[in-house]
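> Chain by chain, the residues:
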Amino acid sequence: MKLKRVLLPASLLALVGTGATFGGFTGLRAHERLRSGLPKLALVSCTHCHQRSLKTLPWAKPRRHHDAPDGMAVSPDGKTLFIALNDRDEVVEADVASLSVKRRAKVPGGPFGLALDTAGKRLFVACRNQDTVSVIDTAGLKVVASISVGIRPTDIAYCQTPSGERLVVPNSGSNDISVLSVLPLLELTRSAAGREPYAVSVSTDGRRAHIANRMAVHDQVLSQPASEVTVLDPSTGHIVNRVELPSAHMAEGVTEVPARGWVLSSMIRVRNLVPITQVKDGWVMSTGIAITREDGEATQIPLDEANAYFSDPSGIVASPDGKRAYVASGGADVVTVLDLDRLGAWLARSGEPERSDAIENMALSYRYVSARIPTGRNPQHLALSPDGSRLFVSERLDDRVLVVDTSSLKPVGRIVLGNGGLDDPVRLGERVFTNSRYTFQGQFSCRSCHPDGHVDGLSYDFDGAGVGDNLLANRSLCGVAGTEPFKWNGKNPTLQYQDGPRFARVLMRTDQIPEPQLDQLATFITHLPPTRTLPWSRVGQPLTPSEERGRKLFFATQRTDGTPIPVGRQCQTCHRPPLFTDRLLTSVGTRGAQDTTDVFDTPHLIGVGAMAPYLHDGRAKTLEEIWTTYQRDDLHGVSSYWSKQQLNDLVEYLKTI
Amino acid sequence: MKTQNSPSKRAIAAALSLLALLPLTRGSARPATAGAEGSPISTIVRFENFGEKDGLPSHKVHSVLRAKDGRLWLGTNNGLCLREADGRFRTYGTKDGLSHPTVLGIAEDTRTGDLWLATMQGLTRMSGGKLTAFTQTNSGLPNNVVYGVSVIGDTVWAATAAGTGALDLKNNSWKIYDQSNSAMNEPWCYSVAQGDGVVYLGVWAGGVVEFDPRTGLFKAYRDPDGDFQIQLTPDSGPVVDVTSGVAYDAGILWQSTYFGLSRYDTSRATWRTWVQDKSPLLSNFINTVFAHGKVAWLATDRGASVTDGTNWVNYSVDENGRGIVRTYRPGEETQVRTMTTALADGFVTAIWADDHEAWIATSNGLSHGIFAGPSGSPAVASNP
Amino acid sequence: MLDARYPPGSRVVLLAPPYGADTVRELSRGLVAAGDPCVSWDGRSVYFSGKSSTDADWQIYRVSAGGGRPEVVTRVPGGAMNPAVAAHGELVFSSPVPKAGTLWTTQEPAALYGQMPGEAPSRLTFGSDSAVDATVLRDGRILYVTSEARDTKHAVRHLEFFTVNNDGTEVTAYACEDGGADRIRRPRELGDGRVAFLAAPAEEPGPAGWAESVKSAAPFATRGKLFAFRSIGCRSVEPMGQGEVLACIDSNVGAGRMMIGTAKVFRVAPDATETGAPLFGDPKWDNIEAAPVAARAEPNGHTSALNLKGSYGTLLCLNVNFSSKPAAAGNLAPAAQLRIFTWEGPGKERTLGEVPVESDGSVIVQLPADTPLGLDTLDAAGHVLRHQPAALWLRPGENRACIGCHEPRNHAPQNVRPLATMHRPAHLDLNSATTGPQAPKP
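Residue numbers (my numbering), protein chains in the order written: chain A, 1 to 657; chain B, 1 to 384; chain C, 1 to 442.
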């Protein structure tokens, strides 16, 4: 390490010295052109290739942890509220009457979703950070059992079935659903879900579990995406139905309304196929609720109004009598109260054309929205007392839980968990990131397209000089620190420029985010770590033989037969470690019919396994398609000599980056 | 067209079949429903046939599977077909997400209830009514021509024209096995079957390859004489290397070929082979084999054949379209009788069977083989 | 028209608590007439329309709420009126000031202008009808009153609310498209999700008006009375915060005409069933309008994407067949062509050309900027299916889209890729236009 520290500057000095000797910058430029494989490259900073260590990046450094409330569960008697603190590795037991914290328990692995058994004696915890489900004995508030599940479990539901007790766990990172038995604690099945299964709700009879999937998927980049409500039989673990919700995504909440035979899931109605020529009238996106009936028919209705949006709907709960539903809008700091009687009446008198058109009718919601309750910052999770009298709202970025009296819809008070972290610039930046106040009519926040800072899996046609010629895939912000310039055209030198004047012009249609908030936002983004794509059990483990073969292919300088691969066509040249990008514009032969350029910014590859779709316009649904379908003349790396096995090896390696 | 017999006809058929099968009914330990008393081979007494007029999307049926939940699935030349509870057929095609209309194989993941479909252009998953295609371009599938599929534990095995692909469902990662990294002598794979802790791959001109996932080791079972025209060394290995199908159950591995049949008793490590000229084997041309217990159901170009290696029952169609059943028992004369109903077609492409019924896919429709009941009367067999 | 509303001697005055006549302080000192007050968002300045002499044009003046002499901030030919303040202190006003009774008939319609402090005004609206009574919504849009072009559908001109961004882009109908009294004016966004305004059956001076409102959640479906009590004689409404409304009402007006000298200022609580005691009702003062002087949240701004050096904008219609109105003569044929025309005066339209409609109904076309544009959808035989009067315009470099022709209001687009975006837009120019008689209406 020390040797490297000495050698690198020495080499640079020697290089510069050489350059000075043999023609000043001419030598340096020749070096850069040779090593980049870009014969016309203008002089650029040495840091494009000689990058700093990942350890120096903001996201790799120790950070502050906060008492942000995530999933919640209410005891059967309604007196106790359990709160998951993902960032603290803790579960809190709070007294509802006194609004006070009674006990805190250490729960390793990042507790995120909670569920209680019928008697309230066992608390089941989905631990998102380490892919486990833990069982807590509520009497002692101690972990008594634990089991591994899929990647990043975000929710958990408990039910009793004819086959025994069951837990249903959506694994958002591995796109599957674990069904567990409780005694013994075993994983019975793991079924494929949609993309990013995020929330689960089980029917009171244990007959059905409904899982909301956060991401939408599409067949082709210009075809309509759809997310899925996965219907599962908890008794057998079998998938019973997959209800498609066209153009719906970011479904982070789901709840049953037994009295009506409905399942409600929160959602964003995205309109990514329409050029973003404007924002008003829900042109970019709007929020809504999907009502799925037992027969699988689904109706999407708006949560927004004609001139106001309630962005990032997340948690949703229904009152036990089925008369109300509550929806938390994390970007608008609001809980919306839906009158389900009025909604049911509207549905009953509306024909199929009206129902299918409902989500586009921005002036519909006043018919069934009975109240909007203001909350603290970034409400995401909701819980309702068993008798429906108290609504609990996790005000994530205030470190508090708001308690609402549902008869008056007025706050009773707050359970204070922390101080809000106002002295932490990263936290302040997260407040900017998650709030929609900076976009026209509050239609969306940064998070609306970048859940957890990551991708939403869609391509958008941004406004530019023309219309319809700027289709670009969403890019992850996770691990983006140090990879400037930003955007596919590489025109944004800093995050402040990208998220400030640039986005104000092409996307937000408001004043740009004020500079202090812009700096906070940039701080937050640079602290977003890369997305984990491997199971927790594999983190830090050696590569498998297949991955190792793929790694060698990635760094290959010659073909299998010994033929040299031109520098500019070696994977490692453009996707140079440790950031896996040279931060330069390169043509890889992907210019589309309507693109105005054939060079695009080289994206970094850290976490690339979870960044689908790929290429600048998102035309490649999978990593494989980059080389099987959209490779042209070996321009995107020399791949013509690869066997299918080698391609599979490369893909396996890429998924480990 | 579905054939419905009148009650009197059915009674006659039952009586005839009882008479015909008497020689086979001695000394068997199989349950009564498995066939005429004592026989290890279930015996079909009547066929119900289904074709395009009944709602099948094509008269060419390539694959058939009755899932654990009782639903019957058919892979046809024109889509995947489900026989609904009311007996009607519902078809899923490419517009529904099927990767190709020709469905050559169907396998069930019994833990999740998902179906995996081998098609002429990729592998398709049917889950919760939704079809998702995996192709050689969008996934790690080795080749789009998928002949066979099997789900073994957390792995989906797909036999393709360019090797066998193994999709690890938990890690969403693919492995490819072909001549470069296994005991295969060539990549063209036709069939996959689950053994006891091992996987059997039917390789087109490479016999049967056994793979042990625990050790990662392969073992090839090849025709000892290496000749598919003559059998120089019978009962010493696969009858030929040209494998059209493999099936395994109860410790017995079956290999179907276009030149005969092989049986491998894994507990004794002994092979037996049959060719048409020297055994009751209905035809050397066997499209595929289905194993149930110690019995193999053979889909041949001349009809369906059932055997435990000792006893044989062959169902064929004569030149007048009548159903002919021939029963063989060692040391006894061959019993031949004419059935009141016949297979939909003599060219049988796939079979699924259990102790209660058989579903036989042919190139000209689907046949439902109804077994003799405990008393020799036709068993009640219908879809849920 | 201001001369009638604000006759000589009209003044803008400041009242301080307890709002007696002895607290009145004149803010429009030195002017012969003044009215139309508007308070800046920081509560420190008051803008109003004023006239320095009897023969002078009306212009916009600004005065400190703390007192002092008013300073003129506009010097536009033909005068200026209806001041409103947008983000960053931008002044919005209408110009020219039409003569009394000619607002909706004049050959020189009043347009909206925006003027940043210290800069020259820039025109924001280019419709064929006047754009007046602007107010600025919290989302930054300018809400104003106009008429849907010179359409003959109403025997009496029916006024509507429209919005436009502060760079003149995205002109859009906001409310009051159909039904209700034909005359509306003086909209103000309340703090409770409603927009209040004054309605009357005819232009002033005419029958007394009353206060109405629409819910911003569904403005086209929720037009109704603002107050639970009878408000005939209402002259102005302004938000006060906490759901209260400051209203100027001549409570002595019956069903007949306005009586001079009897209007009082009321502070109306939410859900009030009567006006209650006036805040200010000195009989010596005829109160025309009242606005609270207080700091409020500044509205959002709008980052313009215009290229003012250019001369064209681009219009994308997702589906010209999508409409809330039936086609002419029940013609169910899909549109094959879109004819675009500009307006050059009453009864005088100038066809710019026709562009083909894609099979999904989408059209994309580059059109001359800053000119009123109307649209006719035509079937394959050239018959007009639907007629959209020249109420639309594009700004230079504006990319403008709509989901249909006469489409349902407050409707979001379906998430479908329009075929028209798969190729470069057609181009129509004023130079290629042909002037002719107005196209036959369906």
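Note that these hints are calculated values from the structure, not bench results. The C-beta atom is built at its ideal place from N, Cα and C for all residues, glycine as well. Do not take every clue at face value.
Simulated pairs of lysine-lysine, DSS-like, Cα-Cα distance not exceeding 27 Å [to be verified]: (1) Lys655(A) / Lys294(B); (2) Lys491(A) / Lys99(C); (3) Lys552(A) / Lys175(B).
Covered stretches of chain A, as calculated for chain C (at least 3 residues, CB under 8 Å) [claimed, not checked]: (4) 152-166; (5) 264-277; (6) 404-418.
Partial chain A-side listing against chain B, Cβ under 8 Å, derived [what the hints assert, rightly or not]: (7) Lys55; (8) Thr56; (9) Leu185; (10) Leu186; (11) Thr189; (12) Arg190; (13) Thr230; (14) Gln631; (15) Arg632; (16) His636; (17) Ser640; (18) Gln645.
> None of the hints should be skipped; say for each whether it holds.
Here is what the structure says about each hint:
1. Lys655(A) / Lys294(B): 44 Å, violated
2. Lys491(A) / Lys99(C): The hint is violated at about 52 Å.
3. Lys552(A) / Lys175(B): 17 Å, holds
4. 152-166: violated (count 0)
5. 264-277: holds (count 8)
6. 404-418: violated (count 0)
7. Lys55: Check failed: Cβ of Lys55(A) comes no nearer than 28 Å to chain B, outside 8 Å.
8. Thr56: 32 Å, violated
9. Leu185: At 17 Å from the nearest chain B Cβ, Leu185(A) fails the 8 Å test, so the hint is violated.
10. Leu186: 12 Å, violated
11. Thr189: At about 5 Å, which falls below the 8 Å cut-off, the nearest Cβ of chain B leaves the hint on Thr189(A) intact, so it holds.
12. Arg190: It holds, given that the least Cβ distance between Arg190(A) and chain B is near 6 Å, below 8 Å.
13. Thr230: At about 7 Å, which falls below the 8 Å cut-off, the nearest Cβ of chain B leaves the hint on Thr230(A) intact, so it holds.
14. Gln631: Since chain B brings no Cβ nearer than about 11 Å to Gln631(A), farther than 8 Å, the hint is violated.
15. Arg632: Not OK, violated: Arg632(A) not within 8 Å of chain B, min 14 Å.
16. His636: Not OK, violated: His636(A) not within 8 Å of chain B, min 15 Å.
17. Ser640: 15 Å, violated
18. Gln645: 5 Å, holds
The structure is inconsistent with the numbered hints 1, 2, 4, 6, 7, 8, 9, 10, 14, 15, 16 and 17, although it conforms to all the rest.
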